[in-house]
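Going line by line, the protein sequences match chains A, B, C and D. Residues in the first sequence are numbered consecutively from 1, following the UniProt record's numbering. Residues in the second sequence are numbered consecutively from 1, following the UniProt record's numbering. Residues in the third sequence are numbered consecutively from 1, following the UniProt record's numbering. Residues in the fourth sequence are numbered consecutively from 1, following the UniProt record's numbering.
Worth flagging that the hints you see were computed from the coordinates, not collected in a lab. Among these hints, one or two may not hold up.
Claimed, not checked - Only pairs whose alpha carbons sit at most 20 Å apart, straight line, appear in this in silico DMTMM-like list of lysine to aspartate or glutamate:
id : chain 1 : residue 1 : chain 2 : residue 2
1  : D       : Lys239    : D       : Glu277
2  : A       : Lys124    : C       : Asp92
3  : B       : Lys124    : D       : Asp92
4  : A       : Lys124    : C       : Glu95
5  : C       : Lys239    : C       : Asp196
6  : A       : Lys124    : A       : Glu146
Claimed, not checked - Sample of chain C residues lacking proximity to chain A, with all beta carbon distances greater than 12 Å (derived):
id : residue
7  : Arg152
8  : Ala318
9  : Arg426
Computed from a predicted structure; not experimentally measured. Beta carbons: idealized from backbone N, C-alpha and C, even for Gly.
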Amino acid sequence: MTDTGSVDAAVAELGAQAALETLVRSVVDIAGAAPQPPSRVSVRFGCASVEVEWPQGKPVVTGGDENPPPTVSPQPAAADDRRAVRAPLVGTFYRTPGPGESPFVEVGDLVAAGQQVAIIEAMKLMNIVEADTSGRVVEVLVADAEPVDFDQPLFLLAPAEGR
Amino acid sequence: MTDTGSVDAAVAELGAQAALETLVRSVVDIAGAAPQPPSRVSVRFGCASVEVEWPQGKPVVTGGDENPPPTVSPQPAAADDRRAVRAPLVGTFYRTPGPGESPFVEVGDLVAAGQQVAIIEAMKLMNIVEADTSGRVVEVLVADAEPVDFDQPLFLLAPAEGR
Amino acid sequence: MTGFDTVLVANRGEIALRVVRTCREMAIRSVVAYSTADRDSAAVRAADASVQIGPAAPQRSYNYAPAVIEAALRTGAQAVHPGYGFLSEDPDFAEICARNGLVFVGPAPEVMARLSDKALARTMMAEAGLPVLPGTGQPVTGRAEVVAAARRIGLPLIIKAAAGGGGRGMTVVRRPDQLLSAYRSTRAAARIGFGDDRVYLERYWERARHVEVQVLADGHGSVVHLGERDCSVQRRRQKLVEESPAPGLRPDVARRLAEYAVAGARSAGYTGAGTFEFLVDGDEVAFIEVNCRIQVEHPVTEARTGIDIVREQLTIAAGAPLSVRQEDVRPSGVAVECRVNAEDPDRDFAPCPGRLDEFVPPAGPFVRVDTGVHQGWRVPSEYDSLLAKVIVWAPDRAGALARMDSALREFRVSGPGVHTTVSLLRRVLADPEFRAARHTTSLLDPVRDEG
Amino acid sequence: MTGFDTVLVANRGEIALRVVRTCREMAIRSVVAYSTADRDSAAVRAADASVQIGPAAPQRSYNYAPAVIEAALRTGAQAVHPGYGFLSEDPDFAEICARNGLVFVGPAPEVMARLSDKALARTMMAEAGLPVLPGTGQPVTGRAEVVAAARRIGLPLIIKAAAGGGGRGMTVVRRPDQLLSAYRSTRAAARIGFGDDRVYLERYWERARHVEVQVLADGHGSVVHLGERDCSVQRRRQKLVEESPAPGLRPDVARRLAEYAVAGARSAGYTGAGTFEFLVDGDEVAFIEVNCRIQVEHPVTEARTGIDIVREQLTIAAGAPLSVRQEDVRPSGVAVECRVNAEDPDRDFAPCPGRLDEFVPPAGPFVRVDTGVHQGWRVPSEYDSLLAKVIVWAPDRAGALARMDSALREFRVSGPGVHTTVSLLRRVLADPEFRAARHTTSLLDPVRDEG
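Given these sequences and hints, build the entire structure.
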């Protein structure tokens, strides 16, 4: 038990015990804390996972899913600071107030929340599209006069400061 | 057994065994601590896994399945040392050679691989049930003259020595 | 066959998929207009194209005409199939379609406008020779007018809030001394409930059955009926079980109903698929209303006649004549439909949307299931709670009821918090009154009496 | 109605579920005997009870009579429904059932024994007045005998290995000078392939169609037919598409086939549901064989007649008379079935079992899907590769083919390594020969010629 291999093995074993004890405690905690007996509990830590199912249980409590790094990243969605300005209705997207005129906004422009950035025409009515947040235009996602669906991203804005 | 490769292998095997024991303990802990009898418990650590299912209240224990440890553990089913003697066909289970006679085996008996332990009657033919492994009878799972399905566990055997 | 290359399906759920299927068979390109809640729906998957027209809230998507029209125009659709509910019976929407060069799959806007005004429809149909329920037709005010109307109509009668619906705002009056207090309390309740205290009076039929006749009318003067459906099993005016033929209905009464429906459709200048609803009590019948759209229970009629009603709708809308003459329509056997809703019987049938971890509908000989959901789907809370329609056919009623019960037993639906009406439906199927076809619309909802 | 409380279903897959469904409708308790590979099958789930009779290998489970009988006796079953394949046409099994006091759902063992001997069946049917293919009937040996037989039969003819089957071990002879070399090579191939070099000769019909007639016969002397099915679209003798009525079949020929089938069933003392297979070329017809069981393609007939054939099987087996007389059978419209197999068209249609990550069969009006699999199921490799049968009905053939193509487009099947025959089926549906009903059994398998 003095060579490095067996030390590693021992450490691994200890790690396994600790990790699994944690997992089991989690499962038991979840099962006990749930308002009704759960039908399935699944907890995973790295390569270790514990999963419990109950027959015909009503609620489902799943702890962790496919690959959740539990302690590493506090903000899973924070990877991209950019925000989309989306289409408030289905219609045709126009970047300019009229034919031959210059676009409301261009890449690199700074826009304020509430500023008009485009028009969407639906049923021959012109609907103003406003930025719902301030920021710098980093990308125009739809070409002029193209049809857009409801909620389709039109522009990407980056935060005005910081970076 | 002096070169590092075989030492590593031995250690890995030891580690796997320890890990599996831990896994099994985890399952038992969960099953015991659960508010209701679970229908399935699955514990995994790295490549080793143990899974327990209780279909409709009747417990069936299976050790390891989908991803059998490829090189580490030579005995993926070693989670539980007990081995079941299973029904080789569908029929009626008899523990004795005939009415009023004493059973082929009793709990506590030591049986040898190939020894007759029961009869299954199907279509009025008496089929001999043999133990496919040696061991000590720790449990008789089916009452005399009860119907059994193909592959249904009939007896549990524990390893004859060790423990 | 039809002149349409592309049809916009302005609906969701099972009926959107239903329309997509017939379009596909007719080699018509289908485009489904959908809300964000229906992004992964079966109809969207099955359609040739789709347009996200708005958020989950129907008033900004399925009920929002500009978004629907925009989707139709953008995708080159020549026609809009409205399904049922949402914009399907909105004459203004039909009008907007026409103004935008789109064929609305349904009757002409002016026909729809007249028939959707219940008082006007009642008058029109009475003039066309259809019997109507004795009643005031219009709202009544003042004790003298109420007493005079009640004397003319006779007892029992029902006082209905003009703004009511879905079984709310109604009181049954059986004795003369209950009349005025019932009038006062119904008005008061209507004022509070609907902000509108107008009420009208109608004869109340104690043991009535709800029977409706399916008609098809083309733009070339042909009107045919496809037989009747009995929809008497209702819970709070929601149909649960529909069947055809109407069990226990005298053949001469069934024939009269069909003739009334054809005469009514003709006199109204109706085109498309439509349904004439009647109350029936013995050999007494009374027209109630016309539904100017495809109905949830149309598969019952399809199963008995072999006619694809959506195909006929599209054919008629494209200006072609009906594919069948009256003598070609030969309904056979018995068809029954059960509506399986995501509702909790233990919580007064509150809708219970949620994720469907398991959803395996029944199948097999003479079993059809129309559904817009699938395993893994999360039933949205914004729409009605219909999960699936189970339709069976058999040579006779006993066989059809056995088959239906068997199909309902086979249905596997589960998920966190998901409950269904399957057990209620199975209780109805086992009910002796229902089995003997002696049931009425009050089988599940004994009507509240005054006094 | 029937005397059975409990029926053992001795089969798997879609047909086991099919039988369970009818049992449930008839209030008969169903018990499914299953192998370890089918533990979680839809039939096991749907049945009232189930018995695990053996391992995946059929010779130790579905084909192992003692296990099946044991399961039946243990669960109190009075009858055994064998489905198709496995023990369904084994006269010994029917005999064992009888000896154990169990009703075998099928004809009497001695009838089955005679009809399953193809040479004997051919002789019996010829005696009953049915036309048979000119041929030797029995194996021939020696050049003189071969030449004499060929002279009597005429050309083209086909030399078949007695031990062959499934399209293997056959050679077509078109010119007299090919005869002896074909005889030698077929014998040699048969010796190597089957260890049995006996061959026989039969007239070869170049442009034949495979047409079969469904019959029902009870134990009280009633025999009715339910019309014919055309099963000419085959790949290596495996039926892919079946339809009814047989397209392009002259009505007088169809009538003759039906009469032959009824006469054949009568003369053989047949009881239960059975199928008489014929080859048809123009107005020439020839009896081939009788299938003494329910067939894969029976839903085609159910869709046109409204008759539940499994119900009739159970009714007849219980000793009751048929529920229908010949004059009650009035087939209508056109029904088509396509078999969707888990096979890889790019690897010569090798079966490709695997896990079905996605399995959403089509549905809708006049579409029926019979399947024994479900999403998440792992298709076992031990059994045939049938995933699902898609059956459609329509008033006419063009409508039925359009509906079938639409249904196949809707079918969603995927999983690691899973391929299906859907694309092949859609190619058949689009084939001009098939659409014009000019196709023959060699549509997909041009027959190998000698020389």
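Against the structure, the hints:
| no. | hint | verdict |
| --- | --- | --- |
| 1 | D:Lys239 <-> D:Glu277 | holds (13 Å) |
| 2 | A:Lys124 <-> C:Asp92 | holds (18 Å) |
| 3 | B:Lys124 <-> D:Asp92 | holds (17 Å) |
| 4 | A:Lys124 <-> C:Glu95 | holds (16 Å) |
| 5 | C:Lys239 <-> C:Asp196 | violated (27 Å) |
| 6 | A:Lys124 <-> A:Glu146 | holds (15 Å) |
| 7 | Arg152 | holds (49 Å) |
| 8 | Ala318 | holds (24 Å) |
| 9 | Arg426 | holds (19 Å) |
When the structure is compared with the earlier hints, a violation turns up for hint 5 alone.
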